[in-house]
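Colleague: As they're listed, the protein sequences go chains W and L.
For the first sequence, the UniProt record's numbering assigns the number 1 to the initial residue and increments by one for each residue that follows.
For the second sequence, the UniProt record's numbering assigns the number 1 to the initial residue and increments by one for each residue that follows.
FYI, nobody ran anything at the bench for these hints, they're computed from the structure.
Certain hints may be false.
Said to hold, decoys possible - List time: in silico BS3-like cross-link candidates among lysine-lysine, alpha-carbon distance up to 30 Å:
hint: 1; chain 1: W; residue 1: Lys-89; chain 2: L; residue 2: Lys-296
hint: 2; chain 1: L; residue 1: Lys-296; chain 2: W; residue 2: Lys-93
hint: 3; chain 1: L; residue 1: Lys-296; chain 2: W; residue 2: Lys-94
hint: 4; chain 1: W; residue 1: Lys-46; chain 2: L; residue 2: Lys-58
hint: 5; chain 1: W; residue 1: Lys-130; chain 2: W; residue 2: Lys-89
Unchecked claim - Okay, the calculated bits of chain W under chain L, using three or more residues with CB under 8 Å as the criterion:
hint: 6; segment: 63-76
hint: 7; segment: 125-139
This structure is a prediction, so every number in the text was calculated from the model and none was measured.
Cβ coordinates follow ideal geometry from the N, Cα and C atoms, glycine included.
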Amino acid sequence: MIRLKNVSKTYPGNIVGLQNVNLHIRPGEFVSVVGQSGTGKTTLVKLLISEERPTSGQIVIGGWDISSVRSSEVPLLRRQIGVVFQDFKLLPKKTVYENVAFALEVAGVRSSRIRAIVPQALKIVGLTDKADRFPRQVSGGEQQRVVIARSLVHRPKIIVADEPTGNLDSINTWEIIDLLRRINGFGTTVMLVTHNREVVNSLQRRVITIDRGLVVSDVEEGKYVL
Amino acid sequence: MKLSFPMRIVRFGVQDFFRNFWLSAATVSVLTLTVISINALVLMNVLGKIAVTVVESKIDASVHFRQDVDESRVKTVRVALLSLPEVKEVEYVPPEEALQRFRNANGEGSELVESLEEIEGNPFGATLVIRAHDTSGYAAVMHTLNQPLFAGLIEEKDFSDYDAMVSRLNAITGKLEVFLLAVTCAFGAIALMIVMNAVRVSVYTHREEISIMRLVGASNWFIRGPFYVEAFIWTLLSVGMTVLILFPSLAFAQPFLQRFFGSGSVDLVSFYAVNLLPLVGLQAAGVAFMTLVTTKLATARYLRV
Ligand SMILES: Nc1ncnc2c1ncn2[C@@H]1O[C@H](COP(=O)(O)OP(=O)(O)O)[C@@H](O)[C@H]1O
Ligand SMILES: [Mg+2]
Chain W
1 MIRLKNVSKT YPGNIVGLQN VNLHIRPGEF VSVVGQSGTG KTTLVKLLIS EERPTSGQIV
61 IGGWDISSVR SSEVPLLRRQ IGVVFQDFKL LPKKTVYENV AFALEVAGVR SSRIRAIVPQ
121 ALKIVGLTDK ADRFPRQVSG GEQQRVVIAR SLVHRPKIIV ADEPTGNLDS INTWEIIDLL
181 RRINGFGTTV MLVTHNREVV NSLQRRVITI DRGLVVSDVE EGKYVL
Chain L
1 MKLSFPMRIV RFGVQDFFRN FWLSAATVSV LTLTVISINA LVLMNVLGKI AVTVVESKID
61 ASVHFRQDVD ESRVKTVRVA LLSLPEVKEV EYVPPEEALQ RFRNANGEGS ELVESLEEIE
121 GNPFGATLVI RAHDTSGYAA VMHTLNQPLF AGLIEEKDFS DYDAMVSRLN AITGKLEVFL
181 LAVTCAFGAI ALMIVMNAVR VSVYTHREEI SIMRLVGASN WFIRGPFYVE AFIWTLLSVG
241 MTVLILFPSL AFAQPFLQRF FGSGSVDLVS FYAVNLLPLV GLQAAGVAFM TLVTTKLATA
301 RYLRV
């Protein structure tokens, strides 16, 4: 599903993002990516959604080499990968429903399809009864669930969540993790970038540890070791 | 509410327009000024041409013959003049009518006319009134009349320097046109900058939306589309405003212009009414081209799509 071959990313000013990373993530996997702050985790996420291009190496997603993808093709890539960031990135003047529908509207999906898909997505994240509220009228955990619902509407094969629980308390954190696990249960490949030791340890899934741009360990049913 | 894809882009564009309402208003105003000055240029051109034809149609030359020259001699001169290709028409005015015309021109009972009464009989000879096809033609007329065969018959020739008058008129309209062209260019340049800036502000107000659009895989043209729609709204409004401003102003100016040029000579309102579609269409196309190209440049620069 996701394959990185000797991928390096150097930012202007010789700042190392990632160094010579080799990874293979199979369809349907649930992978946690851990590592200290500033070690290149977000860089990895940005490379996957082509917000940054690798300085060298090759990135292949679902058989598609995106290492030097044309900018006109990036939207297609983004519809195949759902992204969830720590800062919620919702539009404050749109309701929960409208925020989720927005992702479909701007991709040119027909209105009738939008009316069919959005309630399904809201149902998966358990926000059907809060569809008409504005982001500031729901909790942080609920806001993050809206973002997840939005990332689901294109039925992506991959969901990448970059510290989705970074701003949440533990109850909300577990709700989000449960949700991601459920989505993984549908067959969606999930990559979870996190700092949270308990989360990683309880998941008992594959753990990739990054340190200073290098993959230092990659263990099936791993633990948080740092 | 069932919206197809392009309708959605139009809706977004309209929303953008109202969200930055004052900026939109300023943009439309400057564009309107630009379009109005373009129209002033067009009008100047039309008026200049009218003025020249009006002046040219009023030009004539009079040749007063001596009293003792009889009608047949005068008519010979008339035929000679008519044979010149430059001459359009030659009117024969008999002495009685010349007197009458003099009276009419100076007013019955005026000093000049009264002094005329004191003289016995008619002091006027016959007169030929000559009209050439254009002002340069009078040189040939002059040349013919100066031949010794005719020169002795003539009491007085009344040639004004019409050529100089027309070229002065042309010079004035020419200068006005250059001035208006400069004004149009200035407004055009300001309009370009305003449009550029309006797009930048619009991008700035939508930066959150745009970053989310990118994140969720919006098509590039969906991100750019609303800006083009907005530019199109600016264009339509500015051309519409121009028409709304222009017609009443023309109707207002019409009586003054007609008094100046003579009634029936100028009808700018109907000139516009007749040429409305090509004029407005051409201007709308021009403004649309300008705003759309500017929007393309601005979005390429500020949007990095
Ligand atoms: N756009 C950028 N320009 C320059 N340096 C960057 C940029 N983004 C990240 N970096 C640097 O790259 C390194 C890795 O950053 P990041 O991938 O965000 O780490 P993490 O997500 O693990 O905290 C850091 O040293 C960071 O300062
Ligand atoms: Mg990070």
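Colleague: It remains to establish, for every hint, whether it holds in the given structure.
Modeller: Now the hints, each set against the structure:
| no. | hint | verdict |
| --- | --- | --- |
| 1 | Lys-89/W <-> Lys-296/L | 27 Å, holds |
| 2 | Lys-296/L <-> Lys-93/W | 28 Å, holds |
| 3 | Lys-296/L <-> Lys-94/W | 28 Å, holds |
| 4 | Lys-46/W <-> Lys-58/L | 81 Å, violated |
| 5 | Lys-130/W <-> Lys-89/W | 18 Å, holds |
| 6 | 63-76 | holds (count 5) |
| 7 | 125-139 | violated (count 0) |
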